[in-house]
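Throw the hints in and build the complete structure from the sequences for me.
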Amino acid sequence: MSAVTGPISYHGPTPQPQRASSDNYLNHTRGVMSWAFTLDHKRIGLMYMIGILASFLLAGLFAIMVRTMLWHPLTAEAGASQGALNSAHDLYNHMFTLHGAVMVFMFIIPSVPAILGNFILPMQLGAKDVAFPRLNLLSFYCWVVGGVFFVYLLLSGVLHAMGFNVPGGYGLDTGWTFYTPYSDAKAQGSVVAATIGVFILGFSSILTGLNFIASIHMLRPRGMGWFKMPLFLWALYSTSLIQILATPVLAITVMLLCAERAIGIGIFDPARGGDPVLFQHFFWFYSHPAVYIMVLPSMGIISELIVAFSRKHIFGYSFIAMSSLAIALLSFFVWGHHMFISGQSAVTDAIFSLITFAVAIPSAVKVFNWLATLFRADIRLKVPMMYALGFIMLFTIGGLTGLFLGTLAVDVPLTNTYFIVAHFHYVMMGSTLFAFIGGMYYWWPKMFGKMYNETFAHVAFWFVFVGFNLTFFPQFIAGTKGMPRRYASYPVLSSDGRPTHFVTYHRLSTTGAYTMGTGLFLVLGTWIQSLRRGKQAPPNPWGANTLEWRCPSPPPHDNFTETPVADDPYDLSGWKYVSEEVGWVYDREQAAADVAAHVAH
Amino acid sequence: MLHAILAASDPTFWLPRGASTVSGDVDMLFNIVMWICIFFFVLVTVLLLLFVVMYRHRPGVKRSTAAEHSTLLELTWTLIPSIIVVFLYYYGFRQYMNMVIEPPNAYEITATGKMWQWSFTYPTGVETNELHVPVNVPVRVILQSNDVIHSLYIPAFRVKKDVVPGRFNRLWFQATDNGQYDIYCTDYCGTNHSTMRSTAVVESQADFDKWMKITIDTNNNLPPVQKGKKLYMTQGCAQCHTLDGTRLVGPSWKDMWGRTEQLESGPDIVVNAPYVTESILLPQAKIVKGYPPSMPPFQLKPADISALMEFMKSISSHTSAADMMPTTGPATQPAATEPALTGSTTQK
Chain B
238 MSAVTGPISY HGPTPQPQRA SSDNYLNHTR GVMSWAFTLD HKRIGLMYMI GILASFLLAG
298 LFAIMVRTML WHPLTAEAGA SQGALNSAHD LYNHMFTLHG AVMVFMFIIP SVPAILGNFI
358 LPMQLGAKDV AFPRLNLLSF YCWVVGGVFF VYLLLSGVLH AMGFNVPGGY GLDTGWTFYT
418 PYSDAKAQGS VVAATIGVFI LGFSSILTGL NFIASIHMLR PRGMGWFKMP LFLWALYSTS
478 LIQILATPVL AITVMLLCAE RAIGIGIFDP ARGGDPVLFQ HFFWFYSHPA VYIMVLPSMG
538 IISELIVAFS RKHIFGYSFI AMSSLAIALL SFFVWGHHMF ISGQSAVTDA IFSLITFAVA
598 IPSAVKVFNW LATLFRADIR LKVPMMYALG FIMLFTIGGL TGLFLGTLAV DVPLTNTYFI
658 VAHFHYVMMG STLFAFIGGM YYWWPKMFGK MYNETFAHVA FWFVFVGFNL TFFPQFIAGT
718 KGMPRRYASY PVLSSDGRPT HFVTYHRLST TGAYTMGTGL FLVLGTWIQS LRRGKQAPPN
778 PWGANTLEWR CPSPPPHDNF TETPVADDPY DLSGWKYVSE EVGWVYDREQ AAADVAAHVA
838 H
Chain Y
51 MLHAILAASD PTFWLPRGAS TVSGDVDMLF NIVMWICIFF FVLVTVLLLL FVVMYRHRPG
111 VKRSTAAEHS TLLELTWTLI PSIIVVFLYY YGFRQYMNMV IEPPNAYEIT ATGKMWQWSF
171 TYPTGVETNE LHVPVNVPVR VILQSNDVIH SLYIPAFRVK KDVVPGRFNR LWFQATDNGQ
231 YDIYCTDYCG TNHSTMRSTA VVESQADFDK WMKITIDTNN NLPPVQKGKK LYMTQGCAQC
291 HTLDGTRLVG PSWKDMWGRT EQLESGPDIV VNAPYVTESI LLPQAKIVKG YPPSMPPFQL
351 KPADISALME FMKSISSHTS AADMMPTTGP ATQPAATEPA LTGSTTQK
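In order, the protein sequence lines correspond to chains B and Y.
First residue of the first sequence: 238, per the working numbering; consecutive thereafter.
First residue of the second sequence: 51, per the working numbering; consecutive thereafter.
Since the hints were made in silico from the structure, they are not lab data.
No residue lacks a Cβ here, since even glycine has one placed at the ideal position from N, Cα and C.
Heads up, a few of these hints could be off.
Claimed, not checked - When the alpha-carbon atoms are kept at most 20 Å apart in a straight line, the in silico SDA-like pairs for lysine to any residue are as follows:
#1 K112(Y) / L618(B)
#2 K687(B) / L263(B)
#3 K339(Y) / P404(B)
Unchecked claim - Simulated coverage check for chain B against chain Y, where a stretch passes if three residues somewhere in it have a Cβ under 8 Å from a Cβ of chain Y:
#4 542-551
#5 578-588
#6 592-606
#7 614-623
#8 713-720
In structure tokens form, the structure reads like this:
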């Protein structure tokens, strides 16, 4: 270990956590206004948390609705009239669209950066706040205003169902991808409201990214060179680069779509001289990098969790850090793999296929480095670690199934079937959601100063893990068998009279969705229980060496009473577990002994 | 795990039975990718579980710290996956080119996607909703859309291509086994996307020729009302217009002919030959009040329009017997009236 050259590797004050005082960021000032106009990154993070979790609940209910409808194949042969069938199809189409749109734009993209990033990033930097606190509050209100448009979409759908006439269309039935010319010429949904909402949400994302980049450049403390930065910060940095470079393209795209829908300019609609495939290029130029906006911060969380609960230095720090940047860079050049069957030239397909395979490498490098960190470690299976291990397994499945889709000839039969649905849920949900929940448990004691119930949270984990796999693994099989995605109804018999078995896979999947839903409510239960009855959390309950653990739990308004000095964030020598109440404390003698043992080794 | 391995070795567990010249090679590639995936998944999972069990924290047990960096290891697990993906890329691309480059002299069929129905037009001019192809003959399918993007997917042939309005995408296949195979639309296209399904019928050349002859003969000899009814089904009119009086997207055809309607622009109009002809060719010209302007134009031959109108008359109570054409004999007369774009509105 090159960083450790002497018995004590710290250059400044000892990294002893600062003791809790009665004054913290939660009770520093009081009243609604003190929250609504707060510039404190922690309060903004908390407000984001409430809004984003509410969006997740909403989008999750849409998913449950979708899965419930798919329990029955809903075929015309069952005796339903064409009119009843049309209504059922419309309802399903609205549900899967709202599920996708709310999940992507309001939950997954902001989840890790806006909640955990906002809360943790300044503290990991040993700073009092982000670089631009006012911009941070503006980004929150952009998110809120964008969210209002999505609430309008939902309400307009409800009003229409109640028999009111909603001008400009109701709900949204275009799919979250807004493919033209359906979205600009045919769809009955309120595409204009949706695109304005996405446009405004985009600004929230851009401002957060801008703030994080400035913060990481300007606010790093003494001792934190670029390669002494926690990997969570590297991941957020890479994510922010994508956010500020790619999101404007989405903003332009949805504005063009909005203009086409509202005033009929001919950019995408072939009936007006436009090109619908151009929309797909524009859309995926943002939305593929957006996949990495969703998954890169999660990878950063996993690096933190693996180290803290393995009690061991991360393996291959620089490879993990650089792989984040490599993924961010390559993510801009793979968008065409969403359009292998759209009729783009075979040469274009070949180039995008090759670059797509190239992204697999840095992702694989990360997985192997995490595994190597576990080797000869001292593993504690606390709840955050369970989610981290779950992440590795699910991300491996999600990543490997990407190989099928990158291989051109195999992509042709599989694309746009449930295979795709399963693949991206393993990546977006199995990975991002697991890392998000793991990160929430990990930083929960810091955020609220309360511990959660370990047993209760373990039970919830198993519901989520088993439910997740039961939901999405059968979808791989249904997809290879040809079940197309976005189908409100599906055939029970194939053309040759043999059963398709789709109904079996859908029912397994629906059962899984209910199991996972139960698990997620249990997760919420553990958090509520912790707030109400949780034990007081010590400053450093996990013995991690990143700076956020050196301020009290919950942190005071200004985070640190004295500016901390950073060192290797993954050198855990010297941290000693005392008790549940005291947590881990830094012990100079222990540090000397640890280092001596290491040198001897 | 064992279950997954056993299941994976059964070729019918994953992909449906293949029935085209490319399906064998695609399936082999699928299996290669699958075994690579299974290998790495097992590797990662076994190591993960092994480490968790072996190195789980036990009070009092001190671990000697392991290395935290190894360039050799990093290079190994960068290079091995790189070699594997280059190999996958190469074979994927090579096989893809086999699927893209169509053999010369293929039999050409035009597939038209419209919300929410497929129609297939053969070189003989015959148009059907089911795809009929001869076995062991290369078939080229030219894809065109009347409205939004659709996607033609025949799982058993391992082919799929988007049907994009304003473009002429194409795909080809050569079916190897007689039988009936599913056709799906796989690009979301609105309300009834999920019922935009059809069947591909693969039969011997002799059977195919016989089917074609019968279809042509039937089409030529149908009485106008029957021909109109057939067009109602094959052209996709049924997607929006019912025959029993219930309203879908457009008006029901029951009792529509001869009725007086109010237009969105104000004046009244009688549903007669000029108006129906115009509404088929230029549907947006005059919209009846209360209906969305969502019908796409249909470029039908005059004889077909005429047959459709006969069918409309046959199900309307506003039709007098004198309006009807003779119910026997082929419908060869041209449309009764040229599309009179001024219509018969009462507007001044």
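Hint check, failures only: Hints that this structure does not satisfy do not exist here, as all of them hold.
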